[in-house]
Amino acid sequence: MSDPTPLLSVTGLNVAFQTPRGTAQAVNGIDFTLARGEVLCLLGESGSGKSVTLRALMRLLPEQRSRISGRVTIAGEDLYGLPERRVEDLRGKVVSMVFQEPMLALDPVYTIGAQIAETIVRHERVSKAEAGRRALELLEKVQIPSAKRRLEAYPHEMSGGMRQRAMIALALACNPAILLADEPTTALDATVQMQVLLLLRRLQAETGMAVIMVTHDIGVAAETADRVAVMYAGRIVEQGTAAQVLKTPQHPYATGLFASTVHAGLKDRRLDAIPGAPPDLTALPPGCAFAPRCARRREACDVGQPPKIRMADAREVLCVDAVAAG
Amino acid sequence: MDTTALPRIPPDQVKVSRSPGYWATVGRRILADRVTLVCLVLLATIALAAVFADVLAPLDPLKTSMAKRLRPIGTPGFPLGTDELGRDILSRLLYGGRMSLLMGSWPVANALVIGGTLGIVAGFFGGRLNMVIMRTVDVFYAFPSVLLAVAISGALGSGMKNAIVALTIVFVPPLVRIAETVTTQVRNLDFVEAARASGAGSPTIIRVHLLPNVMGAIVVYASGLFSVSIILASGLSFLGLGVEPPQAEWGLMLNTLRQAIYVQPWVAILPGMMIFVTSICCNLASDGLRAAMEIKQ
Amino acid sequence: MTVVHTLPPAPDVGGPAEPLLKVEGLTKHFPVRGTGFFAPKLVARAVDGITFSIAKGETLGVVGESGCGKSTTARLLMRLIEPDSGSMIFDGELVGGELSLRDLRRRMQMVFQDSYASLNPRLTIADSLAFAPVVHGIPHGEAMAAAADLLEQVGLDSATVLGRYPHQLSGGQRQRINIARALALHPRLVILDEAVSALDKSVEAQVLNLLVDLKRSFDLTYIFISHDLNVVHYIADRAMVMYLGKIVELGPVDRIYAAPAHPYTRALFSARLSSDPERRTVAVAIEGDPPNPINPPSGCRFRTRCPMAAEVCAAHEPAAIDLGFGHSVACHLHDPASGHAEARAHV
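Residue numbers (numbering that gives the first Met the number 0), protein chains in the order written: chain A, 0 to 325; chain B, 0 to 296; chain C, 0 to 346.
Hints in this document: simulated from the structure, not taken from any laboratory. Take these hints with a grain of salt, some might be off.
[Unchecked claim] Covered stretches of chain A (chain C as the covering partner; in silico rule of three or more C-beta atoms under 8 Å from a C-beta of chain C): (1) 51-62; (2) 66-78; (3) 93-106; (4) 157-169; (5) 271-282.
Note that CB positions come from ideal geometry on N, CA and C, so glycine has one too.
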């Protein structure tokens with residue numbers, strides 16, 4: 000990590016969608032960077048903008064219906080200034096993605112082996128035989144048992160866990176520098192989820208790729224992340240190392256979210272639920288979007304956007320109550 | 000447990016302020032969709048013109064005149080010209096609209112009732128009943144619809160009634176299929192299970208939970224068949240199996256004006272234009288209706 | 000105050016000592032069409048002879064992975080699907096015998112996982128809530144009043160919600176409505192099938208608090224089905240662990256969570272995610288996916304993934320062994336007579 004320029008940097012990213020009910024402000028001015036070999040978790044609930052952010056990083060959002068502003072730089076290139084052809088080269092080779100539902104993301108009419116080989120051939124112009132050999136290697140790397148036989152399998156012939164492994168193999172086909180993972184284990188059973196998380200962690204350590212993991216599950220963040228960014232209503236409300244954010248959260252939403260997550264030791268006690276519901280993205284308040292649900296709400300919260308405060312331990316918190324570094 | 004201890008709201012104080020209902024939303028969406036709106040207005044105009052044909056028609060549609068055969072469009076007294084027997088085209092188009100629209104709507108309405116019922120029954124009860132109904136329907140799919148219509152009409156003999164019967168038989172199978180498919184989908188949704196779990200019987204569940212959720216899709220599909228029915232009916236008349244001369248009907252007019260195509264092409268093309276405009280409006284309106292009736296979460 | 004004639008709560012027939020529900024040998028096998036025209040007919044053993052009972056006023060948590068049969072069990076209990084065999088005794092009355100299905104469904108209700116799919120999109124919330132009481136003969140006006148009352152009980156403002164349609168509400172609000180609907184008949188047993196699984200964490204906590212409150216004020220008994228072990232630990236008194244259509248372990252939550260006896264339960268617990276980034280999970284407990292309930296393994300169904308599997312596990316199906324304190328486990332390891340080399344007796 001001696002390279003001072005980050006692998007990926009996002010500044011002032013805004014995404015808005017046209018909906019029949021008005022303009023939905025899905026992402027509202029977020030900034031973050033990702034260093035080489037780093038694992039960043041975007042943690043948030045539904046509608047927090049975490050998945051939209053991830054798709055914006057691959058320029059996968061529908062161009063007609065969405066309005067995107069801000070700057071996304073990947074490996075020194077301005078993503079939204081590139082022609083579509085160049086973006087296609089980036090996808091899969093520099094940045095690739097793992098989805099929540101591999102059944103929907105894999106093509107049902109091609110075998111797993113054919114799909115991986117095709118990706119390799121497209122990006123690296125190697126022979127078919129060479130691509131097939133690489134595909135087999137990849138399946139072995141993601142620990143699919145009897146990989147040789149599985150090359151010839153269609154997605155529907157595999158179990159959920161095997162499909163997600165195949166999806167990961169496909170994403171890693173061209174040794175990307177950045178892997179984007181959108182809730183990769185949410186649809187899996189508990190025992191399988193742990194297998195896939197450990198696999199992702201091992202592959203990350205082996206290849207040194209950077210990972211952005213989108214999740215709603217604090218446990219997934221705790222198991223994988225170097226850094227965690229908590230999102231609420233399209234903003235990053237707290238960002239810091241995993242230990243900082245998960246063990247001593249500062250933003251009232253982050254503290255509330257951890258307090259309301261059920262864990263051992265809460266039995267027979269009332270859960271500290273956050274009252275209310277997340278805001279309507281088509282009608283965000285002018286002030287802090289969390290203020291209506293916040294126990295520490297003050298007048299200042301409703302006036303304007305809360306400042307981004309850099310605390311003494313270098314974490315960033317979006318709250319009027321946060322204490323800035325000395 | 001003493002339930003009366005719970006805070007109760009007296010029945011007369013319960014106000015249910017209905018939020019903008021489903022149909023209000025559908026209406027608003029249609030008003031915002033210009034294509035659908037134009038199609039619906041055009042269809043309504045054509046329908047009204049047909050209904051009030053006896054008021055609107057300038058001349059008797061059956062009155063022939065050997066002297067005034069095949070006049071062009073714009074002839075004084077005959078704004079849209081005359082046909083091969085000297086009859087006023089405008090009047091014949093208006094009266095013909097009656098026949099054509101009738102031939103378009105009757106078979107579809109019949110098939111909607113018969114096919115819809117069979118499909119919903121097959122879909123809701125499933126099992127052996129479903130198999131019997133659906134396999135029987137499959138037999139009809141062995142023949143192309145035009146061939147089937149011609150064959151049945153031919154067997155029953157020419158005439159409007161027989162043509163309607165023939166077309167009804169043609170439209171029942173696709174409606175059974177669509178009704179069965181939608182019903183099966185809705186039947187497997189949790190709210191139908193929840194209704195069963197509350198102890199409701201099948202008739203209640205079909206009435207309250209099933210019909211409102213399947214009728215939309217079935218009716219929209221049927222409205223798309225309306226244009227097919229007009230075209231098939233015209234085809235039957237063209238072959239001499241539907242409406243009989245000297246009655247005016249668009250398909251029949253197209254048939255009899257066929258020889259005049261080299262003499263007065265613009266006049267000869269008019270009935271075809273009417274069939275074309277009506278059916279395309281039907282299809283576009285049906286698509287618009289489908290989009291407007293979707294429930295978006 | 001006007002008295003509203005809603006359905007009275009069902010009477011306590013058997014007395015406090017009688018279990019609310021006794022299930023004996025409940026079985027459901029689904030025929031599955033094999034691939035190919037001449038393929039043999041296959042059978043998925045979704046629920047395979049399960050026996051358990053639930054006491055009045057307790058919460059039974061049911062855990063297990065996909066394909067373990069927990070949702071099928073819920074539907075069998077509600078009789079939404081007919082069991083192949085087995086009997087159910089509700090508060091001393093045989094279901095299908097002294098107790099008709101219609102009366103069973105008055106006493107037992109269910110909340111589904113998908114809050115949107117379980118509400119009719121074309122009915123207002125008022126109509127959805129009034130439906131079941133009207134079916135049971137309550138006049139429409141009174142059912143409406145009861146609906147308004149129920150909404151307040153589940154923490155919603157009846158004036159704004161009654162006239163709305165499901166798609167106009169949030170997931171949390173819809174699930175509260177589904178709970179209200181289940182309570183409209185004053186049931187004694189409510190089956191919650193992954194009822195909080197689809198909700199966001201902050202909303203899940205609200206709904207769990209609500210369920211705890213409602214249990215007290217409506218004097219309810221819960222069957223709480225979930226894949227989330229933490230939530231089951233929080234809400235349940237006893238837990239039932241299922242694997243491929245069988246109950247592998249059943250007992251008080253505190254005992255099972257402190258000392259899981261079945262290798263599968265142990266594997267399931269060790270797959271729980273850490274919430275501390277400095278104390279991460281280092282190794283997986285079991286490899287592979289749960290096998291398919293079509294043609295399950297012979298003997299003990301877990302043996303193909305079990306680190307302790309021995310020959311006896313393939314030969315004989317383990318019976319439930321009582322470990323005391325109402326804790327039982329179906330594993331040869333706990334039966335010295337089984338012939339498993341590492342079997343130990345429990346005191």
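Checked against the structure, which of the hints given earlier come out wrong?
Numbers 1, 2, 3 - these are the hints that the structure violates, sorted from lowest upward.
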